[in-house]
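Participant: Next come the chains, spelled out residue by residue.
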Amino acid sequence: MITTEEKLIEISELAFEYPDGTLALRNINLDIYANQFVAFIGQNGAGKTTLAKCINGLLKPNSGYVRIEGLDTRERGTTKKIVTKVGYVFQNPDHQLFNNTIYKEIAYGPRNLGLDEKDVDERVKEAAQVCGVEEDLLKEHPFFLTKGLRQRVAIASILAMRPRTIIVDEPTTGQDLRQSLEVMNFLSNLWQQEGHTIVIITHEMPIVAQYAQRVVVLGQGQILKDGSTREIFSEPDLLAKTFVKPPQITRLAQALNEYGIPKNILSVPEMVVAFNEAREKNLGNQTSQKGS
Amino acid sequence: MIAVSIEDLGWKYSGRKNFAIEHVNLEIEEDTFTSILGPNEHGKTTLVSCIKGLIPQSFHGVWRGKVEVFGKDVRNQSAQALADEIGFVFADPEAQFTSMTVEEELVFGLENIGLPLHEVKDRLDWVTDIALIADLLDKSPYEISGGQKQRVAIASVLAMKPRIMILDEPTSMLDPLGKDFIFEILTNLKKEHSLTLIVVEHNIEQVAPLSDQIVLMYDGNIAKAGPPAQFFENSAFLYEHGINAPQATAFLDQLKSQNLYTGALPTDLKDAIQAATSLLKSKEPSES
Chain A
1 MITTEEKLIE ISELAFEYPD GTLALRNINL DIYANQFVAF IGQNGAGKTT
51 LAKCINGLLK PNSGYVRIEG LDTRERGTTK KIVTKVGYVF QNPDHQLFNN
101 TIYKEIAYGP RNLGLDEKDV DERVKEAAQV CGVEEDLLKE HPFFLTKGLR
151 QRVAIASILA MRPRTIIVDE PTTGQDLRQS LEVMNFLSNL WQQEGHTIVI
201 ITHEMPIVAQ YAQRVVVLGQ GQILKDGSTR EIFSEPDLLA KTFVKPPQIT
251 RLAQALNEYG IPKNILSVPE MVVAFNEARE KNLGNQTSQK GS
Chain B
293 MIAVSIEDLG WKYSGRKNFA IEHVNLEIEE DTFTSILGPN EHGKTTLVSC
343 IKGLIPQSFH GVWRGKVEVF GKDVRNQSAQ ALADEIGFVF ADPEAQFTSM
393 TVEEELVFGL ENIGLPLHEV KDRLDWVTDI ALIADLLDKS PYEISGGQKQ
443 RVAIASVLAM KPRIMILDEP TSMLDPLGKD FIFEILTNLK KEHSLTLIVV
493 EHNIEQVAPL SDQIVLMYDG NIAKAGPPAQ FFENSAFLYE HGINAPQATA
543 FLDQLKSQNL YTGALPTDLK DAIQAATSLL KSKEPSES
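The listed protein sequences correspond, in order, to chains A and B.
Residues in the first sequence are numbered from 1 upward in steps of one, following our numbering.
Residues in the second sequence are numbered from 293 upward in steps of one, following our numbering.
Read the hints as simulated data drawn from the structure, not as lab findings.
Heads up, some of the hints might be wrong.
Claimed, not checked - Here chain A is said to cover these stretches of chain B; the calculated rule only asks that three of the stretch's residues, wherever they fall, bring their Cβ under 8 Å from a Cβ of chain A:
#1 453-467
#2 533-547
Unchecked claim - Computed, partial: chain B to chain A, Cβ under 7 Å:
#3 331
#4 332
#5 424
#6 426
#7 497
#8 564
Note that the structure is a prediction, hence the values are computed from the model and not measured.
All C-beta atoms, glycine included, are put in the ideal place defined by N, C-alpha and C.
Please model the entire structure based on the sequences and the hints provided.
Facilitator: In structure tokens, the structure reads:
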């Protein structure tokens, strides 16, 4: 796993309880470093979204602390600074789009920061460009766009705040294959080319296998396991406890482990290579046994 | 017997420039499971709406061709007559709830058609069992989880004993556990006699093993159709048309193109494990 030394998010002994008494998170210890691509996985109710909202300061810990680039989310007056460090994109982009032009939508955050119009304009154009929202679209109404583009506008409005960390809640839910690949390739580009730290919350394990470097498995409000994607998916028993199934190709590899196929295969091409190697080895052994 | 027969079907929504679907030909045998796959906005829901008669009854537009359900043209039948034959489950189950408890929801349709009490009771027990909702009967349909709502919606449609059940993306709004429940119910439904199932789904991995026939809708046409083992041959073609074969199936398809595997493509993991195991054990290309 690539980890730079720079710690962007530091969470220690975090516990969070909703006002109705539901203990949503407990004993959470988690550090996220600059330029990581992390996936939070686990069943509904495991605490994924609550954890994301604690990270961007929407929710404050009952005990323990969350520090974002050194800022404690519980301290007064930090919220305004935190929104420039961590952006949170809702599962449904329509929950966060409310202006009548795309320009105003993207400009809303920077204007709230009290920047002058020249800086606002620069940030809008920069964010739109990174998100592939063409300049002549900026005067259009967001609701005339396809869902994929509305999601990009939602991400652009977050990027305009220039956060280093971007959390995206279920980026591919309800989307078909092409739409899913489009948004994931875009996030991957923000990670690789622009150097952002990306956190996704998702139920789609093939997406996790293909894109994430690091996986945090949540269950009943706790972190059950935190490790590299390969490491996490090679532990089917742990995942079964939280009702998460590794990608089908990983499960196939695991069933064939006794024939020398590694348990941590993540894609079909990898599986083909590993299978051909294992087959050669097994058949070679058979021949030499017969020969002796 | 042929349950659904579609001949050169086309439909253009009023005010749109292009036909949403065009030149669609399809036959669905009675008592089979047909999956309809394809990218969003490529005609899947339009196609099933034409089978149910929702199109043209509830929409304006231009119709071409013919759809017959059990030998009768859908356009010559009343909504009532079609409702007796075909049940329809939407992606959003709340769209169809009207009652205060799950039990009332389930018997609502049955009482409306004036069934005797013992028959209502029998059917209630039957659907409760198939849809795995025994523990929900006295709850409000609005207070249960999304996955539970979808199970209740399926049960209430099934209780009317339709000969054909259409489910339009029944799992798209559910988490993995909720999805697993629906696929368990679909497995139960497949065992029922004289029930023809037509399911629009994105979850190819889970729907493929249940399917007798798979149909790929692309750009308003049927791009490919056939039994699963044939349908998933040539994963590259499928990918170009916006869908992925299940990973284990795609893997064996690759071994097939290397001439290593010569048998029928399996669609569930268990069969794929078996096929791969026999290849690892034997020198000759395997057939199973």
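Participant: Could you check if residue 332/B really has its C-beta closer than 7 Å to a C-beta on chain A?
Facilitator: holds (5 Å)
Participant: Closer than 7 Å between Cβ atoms is the bar; does residue 497/B clear it against chain A? Give me holds or violated.
Facilitator: Holds. Min distance 6 Å.
Participant: Checking hints one by one. Is residue 331/B an interface residue toward chain A, by the C-beta closer than 7 Å rule?
Facilitator: Holds - the Cβ of residue 331/B comes within 7 Å of chain A, reaching about 4 Å at its closest.
Participant: With a C-beta cutoff of 8 Å, work out whether three or more residues of the segment 453-467 of chain B approach chain A closely enough for the coverage to hold.
Facilitator: Check passed, 3 qualifying residues.
Participant: Tell me if the interface restraint on residue 564/B is satisfied: Cβ within less than 7 Å of some Cβ in chain A.
Facilitator: Nearest chain A Cβ about 6 Å off; hint holds.
Participant: Is the interface hint satisfied for residue 426/B? The criterion is a beta-carbon contact with chain A at less than 7 Å.
Facilitator: Violated - the Cβ of residue 426/B stays beyond 7 Å from chain A, reaching only about 21 Å at its closest.
Participant: Closer than 8 Å, Cβ to Cβ, for at least three residues: run that test on the segment 533-547 of chain B against chain A and report holds or violated.
Facilitator: holds (count 10)
Participant: Just to be careful: measuring from the Cβ of residue 424/B to every Cβ in chain A, is the smallest value less than 7 Å?
Facilitator: Violated, about 16 Å.
Checked against the numbered hints above, the structure violates hints 5, 6; every other hint is satisfied.
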